[in-house]
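*Asks:* Sequences are here, hints too, so could you generate the full structure?
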Amino acid sequence: MADVHVVVFVSQRNSFRSVLARACLEHVGKGRFKAYSCGNPSRLASEPHDLALHAIRTAGIPLRQDKQHDWNEFARLGAMKAQFVITLDATVQDLTPKWSGQPDTALWAYPDLVGDATGTVDLQRAASVMLLSLRRRLEILSSLPMTHGDRTALRHDVRDLGYLE
Numbered sequence: 000m001a002d003v004h005v006v007v008f009v010s011q012r013n014s015f016r017s018v019l020a021r022a023c024l025e026h027v028g029k030g031r032f033k034a035y036s037c038g039n040p041s042r043l044a045s046e047p048h049d050l051a052l053h054a055i056r057t058a059g060i061p062l063r064q065d066k067q068h069d070w071n072e073f074a075r076l077g078a079m080k081a082q083f084v085i086t087l088d089a090t091v092q093d094l095t096p097k098w099s100g101q102p103d104t105a106l107w108a109y110p111d112l113v114g115d116a117t118g119t120v121d122l123q124r125a126a127s128v129m130l131l132s133l134r135r136r137l138e139i140l141s142s143l144p145m146t147h148g149d150r151t152a153l154r155h156d157v158r159d160l161g162y163l164e
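So the sequence shown is numbered by numbering that gives the first Met the number 0: it starts at 0 and just counts up by one.
Calculated from the structure, these hints are not laboratory results.
There are no misleading hints in this set.
Derived lysine-lysine pairs resembling BS3-like cross-links, with alpha carbons at most 27 angstroms apart: (1) K97 with K80; (2) K33 with K97; (3) K66 with K80; (4) K66 with K29; (5) K33 with K66; (6) K66 with K97; (7) K80 with K33; (8) K80 with K29.
Derived DEER-like restraints, expressed as beta-carbon distance ranges: (9) S142 with E164: 17 to 23 angstroms; (10) K97 with Q123: 34 to 40 angstroms; (11) Q123 with A152: 35 to 41 angstroms; (12) Q123 with T151: 38 to 44 angstroms; (13) P110 with D156: 21 to 27 angstroms.
Using N, Cα and C, we set each Cβ at its ideal position, and we do this for glycine too.
*Replies:* Shown next, in the form of structure tokens:
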């Protein structure tokens with residue numbers, strides 16, 4: 000059986016961006032990836048946002064039911080070891096803890112559609128566009144050589160995906 004690569008997605012509340020990314024990677028990764036999402040312990044949502052769930056369902060992506068995680072669960076000693084931690088929110092990048100197992104990290108900044116919503120944004124459409132953008136990046140991520148090849152090059156490739164338009 001091939002290796003399963005663990006990726007943790009980080010956002011402010013773990014209700015929207017990170018939920019989209021987690022579901023999408025597990026879908027496009029076809030069993031090669033185990034994805035988790037987490038958020039700031041002081042801002043953690045009690046459940047995923049309805050619009051994130053709607054976008055996932057509309058795209059035909061299954062969503063594994065999972066409890067809401069705060070990032071301390073992935074940082075403590077003895078925590079599950081991730082290969083990558085991808086932060087989806089630039090505002091929390093400097094707040095996150097040191098990750099257990101020293102995974103490679105990357106910033107893929109996406110706007111906080113829910114927290115910054117002014118009423119002029121069509122959130123349903125914006126959620127679908129964000130999911131499409133994440134899917135494009137995650138399809139590329141899932142095609143990268145995870146176990147063979149240059150680890151430094153892989154790290155740079157994952158970081159460079161944050162600049163993909």
